[in-house]
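Chains as they are written, first to last, in this note's numbering: chain S, 1 to 242; chain F, 243 to 484.
In short, the hints are calculated from the structure, not lab data.
Accuracy of the hints is not assured; some may be wrong.
To be verified - Just a few of them, taken from the derived set where beta-carbon distance is under 7 Å, the chain F residues facing chain S:
1. G277
2. L280
3. R281
4. I283
5. G330
6. L331
7. A354
8. S356
9. F421
10. I427
11. D428
12. S441
Just so you know, even glycine gets a beta-carbon here, dropped at the ideal spot from N, CA and C.
There are 2 protein chains.
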Amino acid sequence: MAKTAAIIIIGNEILSGKIRDGNSPYLAGELRALGVNLRSIEIISDNVEAIAERIASCSKAHDIVFTSGGVGPTHDDVTMQGVARGLGLGTVQSQQMAELLRDTCRIRESDAISKMSEIPEGAELIAEGDMFFPLVRVKNVYVFPGVPEYLKDKFEAVKERFREKPFILKKVFVNREEFCIAHIIDHVAVEFPDVIMGSYPKIKEPDYKVMVTLEDTDSKRLEKATKRLVDELPEGSVVRTE
Amino acid sequence: MAKTAAIIIIGNEILSGKIRDGNSPYLAGELRALGVNLRSIEIISDNVEAIAERIASCSKAHDIVFTSGGVGPTHDDVTMQGVARGLGLGTVQSQQMAELLRDTCRIRESDAISKMSEIPEGAELIAEGDMFFPLVRVKNVYVFPGVPEYLKDKFEAVKERFREKPFILKKVFVNREEFCIAHIIDHVAVEFPDVIMGSYPKIKEPDYKVMVTLEDTDSKRLEKATKRLVDELPEGSVVRTE
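Required output: the full structure, derived from the provided sequences and hints.
If you want it as C-alpha cells, here you go:
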C-alpha cells in the first residue's frame, strides 16, 4: 500500500483571494511522481486553534503531513504553535535554529530570531541541500514555509525520503458526451477495482468531449484495463490515447 | 459580523496532480468581493465517508458551505450521497431533476438520468439564470459541479444571496526585509485589532521586498491604520501604496 499524505496550507491571503496557492499543485504533482497517495489538501487561516485541530486530525489519519506557511517573524505566523498544540506538545526555544538564523540567514533583529526559533519540542531540524533556513519536522509533520521558492528548495532536499512505487497514468480522449459513456467507464472500473479511474468532461475542446484517466502502479494491469476500455467504447469514439 | 463560509472541492484529479483547481481561487475572489469571510478550502477525494465527515464538520462550523465536483453520471460521482450522509439525511429520486435533465439537457440515457437525479431529501433545486442543469442546495450546503464553466454560471445566478458589507483592501509595498519591519507590523496590528493585516515577502521582485496588506469593512478605520503603518515604517522604505 502506498503511503498516504495530507497537505495543510496556512494562509489568510489565499482564503481572501489575494494570492493564488501554487504550493499545493506543486506538491500534488511531486507526490504523485513519488508514488505517494495524497488524500487531502486543506487551506486554513492563520489561527492557532484551526491549525491545531486539523494537525491533530490529519497526523492521525495519514502517514505524512505537509504544512506550508505561517513560519515568519510577524504576529500572524502561528504555525509552530498550532502544530505543537495539535500534536499535544509544547514549544521550545531552539538554540540551533537561532544560530542558523543569525549566522546563515544573517538576521540581526533579536525579536525576529526569538519568534522564528520557537519550535515544537522534539522537532528535528533538517538543513540539507540548498536551504535558506532549516526545515522543521516533528513526528510525521513537515513544516514548510509559504514562500514558493523556499518550499521548493526544501522539498527537493528531502523528497527522496518519501519515494514509493510510482503511479503510471493513461489518458483516453473520447468524442462522446460523458453521460453516453458513463456506463462503460463504470463497467471497466468494477472489473479492475485496483485501477484508479476518472472521467473529466471538457466544454470547449474542439477534438474531444471527455478525458478518461486510468492509473495504477502495475503497468501490465493498466494496459489490460486501458485496452478493455478502448474495446468497449463505441467505434470511432476514441480520439487518441496518451 | 460577516457570514463565514467553507469550500469543499471534491476530486481525485486534483489530489493526483492531473488537474489544477481553478474553482476555489475563483470562489475565494468572488466571496471576498461579496464580503463573505471564507475560512477554509478543502480538497478531498471522491469518497462518501470523507465527504460526509467534512460536510458534517463544515456545515456546523460555518454559515455557508460550497462543494464543487462529483455530481456527474459516473461511478466516482458520490457527492450527493456524501452531502446527504454528512447532514444526516437520506437521498431521494427527484422527479423535477429527472425532467430537467431529460428536457433541458436532452440527456437520453436512463442510467445517467437516474444517477444524476438522486439528491439529498429536502433539497432545493435552483434553476435561475443561465444554467445548464439546476443547482442543488440542502440546508446551508450549495452543491456545485466541478466543470468550471458550469460552476461560474451557477454562482453568478445565486451570488446576490450572499452579499455582505464588502472588505476594502490596501497594499503597502516596502523595500526592507520582513524580519526588519515585523515589529512595526505587529504594533499596528495590536493597535487596530479589527483591521486584518498580512505580510508577504517576495524573493524576486526588483522594486520591493514585502507586501503588507490591510483589510477592513470600515474605510475610515482602514485609512487610519494604513497611515499609522506608513508613518511608523523607516523613512524611504515605502515604495508605494495601492
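Hint by hint, here is what the structure shows:
1. G277: violated, 11 Å
2. L280: Since chain S brings a Cβ to about 5 Å from L280(F), closer than 7 Å, the hint holds.
3. R281: holds, 6 Å
4. I283: At 4 Å from the nearest chain S Cβ, I283(F) passes the 7 Å test, so the hint holds.
5. G330: violated, 20 Å
6. L331: violated, 23 Å
7. A354: OK, holds: A354(F) within 7 Å of chain S, min 4 Å.
8. S356: Cβ of S356(F) sits 11 Å from chain S, so the hint is violated.
9. F421: holds, 4 Å
10. I427: holds, 5 Å
11. D428: holds, 4 Å
12. S441: Since the shortest Cβ distance to chain S is 5 Å, the answer is holds.
Hint compliance for this structure: hints 1, 5, 6, 8 are broken, all remaining hints hold.
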